[in-house]
Structures are given as C-alpha cells and as structure tokens.
Amino acid sequence: MIPHFFFSLQAVCSQWSQKIMSLILFAFLVRVRDGLPLSASTDFEHNRELQERKQQLRTISKALVHFPDCGIIKGHQLNIYFVSSEDVSYMSVCHCSLPVVKAFCFLEDLRWEFTACISSSDVALAARPYPFLEFDSTIQKLKQQYNRSGGPALEVTFAEVEENLRIHPPKEISLDDVEFNNGLANGHTEHSTASGHNQRLKPVSAPGILSLVLNILCGSLNVIRGAHLIENTFQDDYEGIWNVVAFLLAFLCCALQCHIYLFHSPLKKLKSFALLSVIILCNLYLLGMRNTWQLIFHVSVASFSTLLTLTRKFQDRTDDCGV
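Residue numbers (the UniProt record's numbering): 1 to 323.
Think of the hints as simulated: they come from the structure by calculation, not from any bench.
Hints should not be assumed to be uniformly reliable.
SDA-like, lysine to any residue: derived pairs with alpha carbons at most 20 Å apart [stated by the list, open to error]:
1. K271 x G288
2. K54 x G71
3. K202 x L308
4. K271 x R312
Distance windows between CB atoms, simulated [what the hints assert, rightly or not]:
5. L262 x I230: 40 to 46 Å
6. L210 x E52: 49 to 55 Å
7. S174 x I216: 48 to 54 Å
8. Q51 x E160: 17 to 23 Å
9. Q51 x H264: 45 to 51 Å
10. A127 x S149: 34 to 40 Å
11. Q55 x D87: 19 to 25 Å
12. Y130 x P207: 42 to 48 Å
13. H66 x L133: 24 to 30 Å
Glycine included, every Cβ here is placed at the ideal spot set by N, Cα and C.
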C-alpha cells in the first residue's frame with residue numbers, strides 16, 4: 001500500500017510540476033521598426049509546438065509594423081501574446097491554461113523591467129542582434145516568479161492590466177494574418193506609399209543609362225550657359241538675371257530627374273510631371289537664347305527621362321535579416 005501511495009503522490013506532484021512550469025515557456029524582445037531581436041529567455045523545453053510558436057514569433061517580428069500594439073495568436077496548447085511600446089515589442093509563448101490577463105501582466109512587468117534597465121536611445125542605436133543578452137537573467141527571474149505563483153507580485157499590476165484590457169481588448173490574430181503580413185514585410189505583396197521605402201527598384205536598363213547621360217549633358221549645358229551669363233549680368237546691371245535663374249533652375253531639375261529615376265521617392269508621378277513642366281517653362285523662357293532644335297532637344301530629353309521614371313517598376317526581394 002505504501003509503494004502504491006508513493007507512486008500516486010509522485011504522479012500527482014509530477015503533473016502539478018508540469019502544469020506550473022508550462023505556464024510561461026518563452027519570452028522574446030524585438031525592435032518594432034525592423035524586427036531586430038534584442039533579448040530572449042533561455043529555452044529549456046523542446047516540444048514540437050513550442051518550436052512552431054517560436055518560428056511564428058520570428059515571423060511576426062519581421063512585420064510588427066503591420067500588427068496592432070496588443071495581440072494574441074492562439075494555438076493548440078500554446079498561445080502567443082505580444083505588447084508593443086516605444087519601438088519595442090514584448091512577446092511570450094504561454095500555455096493556454098494561463099489566463100489572458102496574467103499573460104499580459106507578465107508582459108507589462110517585462111516592459112517595466114526593460115525600460116528601467118535599457119534606455120530608448122540604446123534600443124534605437126542597436127546595430128547587431130541580441131545586444132542586451134544581460135537582460136536574459138531578468139527575464140528568467142520574472143518567468144520563474146510567474147511560474148511559481150501564477151501571477152504578478154503586485155496586485156496593483158493585475159488590476160491595472162485587467163482594466164486596460166477591458167477598455168482596449170487585445171486583437172486576436174489568425175495564422176493567416178501572420179503569413180499575409182510576413183509576405184507584406186518581405187515584399188511579396190504590393191506595398192502602400194508609406195512603406196515604399198522598403199522596396200527595391202529594378203536594375204537600371206540600357207535606355208535608363210542613356211537618359212541619365214543625356215540628362216547630365218543637358219544639365220551641364222544649362223549650368224555652363226548660366227555661369228557664363230552671370231559675368232555679363234554683373235556688367236549689365238543685372239538685366240539678364242532671369243535668364244541666369246532659368247538656366248540654373250533647368251540644371252537643378254535635370255539633376256532631380258536623375259535622382260528620382262535612380263531612387264524610390266514618394267509621390268513620384270507628381271514630382272516627375274512637376275520637374276518636366278518646369279524644364280519646359282524654363283526652355284520656353286530661354287527661346288530667344290536657344291534655337292528651336294535646342295529647345296526640342298532639351299524638352300525631348302526631359303520627356304524621355306520622365307517616361308522611364310514612371311515606367312520603372314519595383315522588384316520583389318526577400319528579407320534575409322535573420323532573427
């Protein structure tokens with residue numbers, strides 16, 4: 001009877017220990033704007049679902065700018081919880097038996113601990129993965145505290161988080177949302193104008209090189225004529241000052257046309273047509289100083305450059321920044 005009682009007690013203790021230790025399994029801190037990993041807890045468990053959730057954490061971290069500040073991704077037995085604040089996202093993998101409010105209490109305590117140790121400027125200047133490995137010990141202590149007691153040390157934290165979740169409930173995100181936003185972050189779907197700086201333009205084509213050379217030629221002619229007129233303008237009491245302005249303005253527009261063709265720019269279409277219009281107006285103003293063929297040449301080069309700028313497309317690229 002004693003051995004039977006001993007084995008029963010051992011089984012109960014083992015189940016209870018497993019239940020306690022499986023509340024919070026993993027914690028992960030990343031920078032929101034680019035998904036740079038900042039710190040993470042040490043992983044002592046290697047079950048299959050945990051590895052899947054950790055992979056999803058890495059996927060989410062690459063597209064946090066497309067997610068809300070507070071969210072849940074539910075799994076079979078393990079859920080992902082995350083809270084983003086001041087360009088840092090605090091993420092955890094917890095057992096589904098852990099109440100939602102306690103999971104977010106853990107993230108709130110984690111946020112307080114991190115902001116007390118690490119300044120926002122240090123986060124912004126971080127250039128390599130896991131620059132704050134020393135914070136791992138703090139994460140481990142906080143995990144142990146929650147896994148032993150099942151909740152925060154201070155009741156005020158529980159009350160504040162519970163009230164905040166009642167007013168601003170976390171958004172439940174599906175795995176489809178994770179895959180879609182990861183594709184968005186990696187350039188596999190069309191970006192909006194706001195995120196266009198993350199895209200890469202297709203390589204410069206042969207016509208593009210020709211337009212750049214012609215634009216440089218036109219710009220050089222404009223600046224040479226403008227510089228030559230400056231000397232005459234000073235001698236003639238500034239009578240030709242507006243001709244100088246027209247030449248230099250046309251030169252500036254040629255330079256900007258080269259820049260817009262080579263690099264992505266928001267409102268590209270509007271800027272391209274504006275530069276073309278200014279070049280045409282400048283050359284019309286300088287008609288008395290240029291013959292018809294010169295005028296046609298400068299306007300044709302500007303039009304050709306505008307056409308190539310508007311037709312240059314983006315190429316897909318994979319985000320190879322490892323987490």
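Worksheet item: Keeping to a limit of 20 Å between CA atoms, is the pair of K202 and L308 held or broken?
Response: The hint holds at about 12 Å.
Worksheet item: Between Q51 and E160, does the C-beta distance stay in 17 to 23 Å?
Response: violated (33 Å)
Worksheet item: Are K271 and G288 close enough, with their CA atoms no more than 20 Å apart?
Response: Not satisfied, since the Cα-Cα distance of roughly 28 Å exceeds 20 Å.
Worksheet item: Lying within 45 to 51 Å: is that true of the beta-carbon distance Q51 to H264?
Response: violated (37 Å)
Discussion item. Taking the Cβ atom of L210 and the Cβ atom of E52, is their distance within the range 49 to 55 Å?
Written reply: The hint (49 to 55 Å, Cβ to Cβ) holds, given that L210 and E52 are roughly 52 Å apart.
Practice prompt. Confirm or reject the claim that H66 and L133 have a C-beta distance inside 24 to 30 Å.
Written response: Hint holds: Cβ distance 28 Å, inside 24 to 30 Å.
Discussion item. Taking the Cβ atom of L262 and the Cβ atom of I230, is their distance within the range 40 to 46 Å?
Written reply: 29 Å Cβ-Cβ, so the 40 to 46 Å window is violated.
Worksheet item: Is 34 to 40 Å right for how far apart the beta carbons of A127 and S149 are?
Response: holds (38 Å)
Discussion item. Against the range 42 to 48 Å, how does the distance between the Cβ atoms of Y130 and P207 compare: consistent or not?
Written reply: holds (46 Å)
Worksheet item: Holds or violated: are the alpha carbons of K271 and R312 at most 20 Å from each other?
Response: Status holds; Cα separation ~15 Å.
Practice prompt. Mind checking the hinted window 19 to 25 Å against the Cβ distance between Q55 and D87?
Written response: At 23 Å between Cβs, range holds.
Practice prompt. Compare the distance between the alpha carbons of K54 and G71 with 20 Å, and conclude whether the hinted pair is satisfied.
Written response: holds (16 Å)
Hint compliance for this structure: hints 1, 5, 8 and 9 are broken, all remaining hints hold.
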